[in-house]
Every structure is written in C-alpha cells, then in structure tokens.
Amino acid sequence: MKRFAIAALILLSVLACTKSNIQYEPTGEISLRPVAEKATKAAHTTTAYGEGAPAFNVWAWWADANPGAAVDTYLASNDVTPYISKGEFVHSGSGSWGGSTPYYWPTRGSLVFAGYSPSQTLGGTFDYDVKTGKFTAKDYVQSHYIDQTVDLMWFDRTKFHNTNDNVNGKGQTVNGVPVVFHHALSWLEFRVVRKADVPANWLITELGLTGIETKADFDSKGATQWTNHRETGGVRVWNGSHLALPADQENGSTEADVLESTPNGVVVIPQTCADQAANLVVTYNLKKYDGTDDSWLRAQTVTLPLTAGTDGGTWLPGKKYIYTIVFGNNEIKISPEVKDWEDRGNVEIEVQ
Numbered sequence: 001m002k003r004f005a006i007a008a009l010i011l012l013s014v015l016a017c018t019k020s021n022i023q024y025e026p027t028g029e030i031s032l033r034p035v036a037e038k039a040t041k042a043a044h045t046t047t048a049y050g051e052g053a054p055a056f057n058v059w060a061w062w063a064d065a066n067p068g069a070a071v072d073t074y075l076a077s078n079d080v081t082p083y084i085s086k087g088e089f090v091h092s093g094s095g096s097w098g099g100s101t102p103y104y105w106p107t108r109g110s111l112v113f114a115g116y117s118p119s120q121t122l123g124g125t126f127d128y129d130v131k132t133g134k135f136t137a138k139d140y141v142q143s144h145y146i147d148q149t150v151d152l153m154w155f156d157r158t159k160f161h162n163t164n165d166n167v168n169g170k171g172q173t174v175n176g177v178p179v180v181f182h183h184a185l186s187w188l189e190f191r192v193v194r195k196a197d198v199p200a201n202w203l204i205t206e207l208g209l210t211g212i213e214t215k216a217d218f219d220s221k222g223a224t225q226w227t228n229h230r231e232t233g234g235v236r237v238w239n240g241s242h243l244a245l246p247a248d249q250e251n252g253s254t255e256a257d258v259l260e261s262t263p264n265g266v267v268v269i270p271q272t273c274a275d276q277a278a279n280l281v282v283t284y285n286l287k288k289y290d291g292t293d294d295s296w297l298r299a300q301t302v303t304l305p306l307t308a309g310t311d312g313g314t315w316l317p318g319k320k321y322i323y324t325i326v327f328g329n330n331e332i333k334i335s336p337e338v339k340d341w342e343d344r345g346n347v348e349i350e351v352q
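Residue numbers are given in the numbering used here: position 262 of the sequence shown equals residue 262, and the series is strictly consecutive.
These are computed hints drawn from the structure, not numbers from a lab.
Every residue gets a Cβ at the ideal spot worked out from N, C-alpha and C, and that includes glycine.
Please note that the accuracy of each hint is not assured.
Claimed, not checked - Across the chosen pairs, the derived CB separations fall in these ranges: (1) 232 x 175: 44 to 52 Å; (2) 132 x 283: 46 to 54 Å; (3) 320 x 296: 17 to 25 Å; (4) 134 x 245: 44 to 52 Å; (5) 101 x 35: 37 to 45 Å; (6) 320 x 232: 19 to 27 Å; (7) 312 x 86: 17 to 25 Å; (8) 296 x 175: 58 to 66 Å; (9) 132 x 312: 40 to 48 Å.
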C-alpha cells in the first residue's frame, strides 16, 4: 500500500511537469534610423537617409551594464564584447534600417554602434576602434567613372543603448537608434555660362578632369584624414553638345547649367589641386563668322586650374565645390596707324 502511494505521487509529479509552460518573450529586432550630415550625391539630395539609399555596414559592442552618461566614461569603466561585425543593414520602411539578416537585442546589458556606408565599395579594408572612436579605410578605391562613384560616409560610436528599452516595442529607440553619417569625400560640380553681352557662339562638347588620385587611406582622427594618395588618372565629367546660356544682367545672377553625365556623380577622394595637380579640361567649338549658323571651327581645348575657392589648394572631406566656367569673347579689333605723307621733293618732267 505504501509503495502504491509513492508511485501515485511520482506519477502526479510527472503529469504536473508535462502540463507546465515556460513563456519567453523574444527581444526586439535591432534597427537604426540614420541621417546624413550634409547632402552629397545619388539618393542624398537631402539629409534623409531613406528608401533608395545604399545598404550600410554596422559594428556593435555589448557591455553587461546599464548605459553611462558618456561613451568615453562608459568604456573606461566597462569591458565590451563585439556583438555585430560589419553586419549589413537595409531599408526596412518608415525611415528605419534593419539587418539583411535580422539582429536582435541581447536580453540584458547595452550596446554601442558605429558603421559606414555603402556596404559595397570598389575596394578597401574598413575598421573601427571603439575605444578611440576612430574609423579607418585602408586602400580605399573611388572609381574614375562617375556613374560608379559612391558617397563614402561613416557614423561614430553612439551612446550605449539599454537593451531593456528595446524589448517588445518599449522605449523610443525600438524604431531605430538615431545615427548621423559624416561625409568622407569631396563633391565637385561644374556649371557653364556665357557673359550676357556675348553672342551664342560657344559650343561645349566635353568636360574632363586630369590628375585625379583614385586610391588612398582614410583616418577619421588623423590631422590629415586622407593620406598615401596614388593611382592618378582622368575623370570624364560630361560629353555632348551644349550652348552656354547667358548670364542675367538685370539681377546679377548667373543662369548656369550643370554639366555632368551622371547627376551628383563627381565625388572624389579629398586631395590637393594646387600647382595644377588636378585640372579641368574644357573642349569646345567656336562659331565662324561667315554667315552660316552651323559653321564651327574644329574642336579646341582649354586647361583651367581648380585651386580657386579651395582650402589652401586642397579639397576637404564633406565639402562641395562649385565651379562656374564663364565664357566670354575677346572681340577682334584692328588698331590702324596712318603715317604722315613724306615729301620727296619737286621733280620736273620735261615734255617735248
């Protein structure tokens, strides 16, 4: 009888265990809400970083502690562990970006983030030192074809974000941790116009750059952020057939046309353009004055320096440089000189 009672007790215990339920609520997916510091190219006509912008890569580090007031203070007193290593984030709607393979918040502790855009580049090795807040790109390559250029950007380490604020839709950061991208490259734009009192006899056919360095190393904390420039070549900015518009004399404005084969595509590695290290070459035809509308001289070129308006002859990161080429005529003039009559004396001719 006693043995039966024990067996029954064991059976009830087993039945109780099989009916028990352990409920676990998963953490929310990690998402970011980026903006660009300044507009530069491609999808970035505003500071918004939304649909149509390229995917970007993200680092994240975890610490088993609540967020601190400042990142430096927090890092000095807490050990961090890599949590995401250059994970690709893509647009997921409503201005937020999530992992192409979703990443989820840890069940405790907090995260700090850093990253760079775009996730796909022509070349380079990218790294971020969370202790110093330094982003580096070694052997970075920027295409000399403007339809293939990219807008290299990075965002620095964020404040640490507590995982408990990102679970089950709680807190503000669940819909995207705010991050701000900084531009690493320089943006060039070329406009053409003719003087208002000049006839329409300038036909521009090509704009190109010479001496552009397309490979270098980047250090966001360096005194000179871009170093070790190399692989110099040319960049074709635009080709076609364009008559320069006249400037507006009444209000002093310049109705200039932007000439580029790919809109917002002339984005280059910051570099020196002093001492004609880099130049703009303009190819044009000049109309003949023989009474026919379609009579042009053969193509001519002019090489123009680009140092005006730069910072000591250098293009700097995150800066846009607008060059307006103003076409004018040197009117053909003749300055005649009349010599005084020279008296050769009286000569008598005898007629018989």
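Now the hints, each set against the structure:
Between residue 232 and residue 175 the C-beta distance comes to about 46 Å, which sits within the given range of 44 to 52 Å. For the pair residue 132 and residue 283, the beta carbons lie near 47 Å from each other, so the given range of 46 to 54 Å is met. A beta carbon spacing of about 34 Å between residue 320 and residue 296 contradicts the range 17 to 25 Å that was offered as a hint. Range check, residue 134 to residue 245: about 46 Å between beta-carbon atoms, so the 44 to 52 Å window is met.
Taken as a hint, the range 37 to 45 Å is violated for the pair residue 101 and residue 35, whose Cβ atoms sit roughly 24 Å apart. In this structure the hint that residue 320 and residue 232 lie 19 to 27 Å apart at CB holds, the actual value being about 23 Å. About 35 Å separates the C-beta atoms of residue 312 and residue 86, a value inconsistent with the hinted range of 17 to 25 Å. Look at residue 296 against residue 175: about 59 Å separates their beta carbons, and that is inside 58 to 66 Å.
Checked against the given bound of 40 to 48 Å, the beta carbons of residue 132 and residue 312, roughly 27 Å apart, lie outside it.
Violation of the numbered hints given earlier is confined to hints 3, 5, 7 and 9; the remaining hints are satisfied by the structure.
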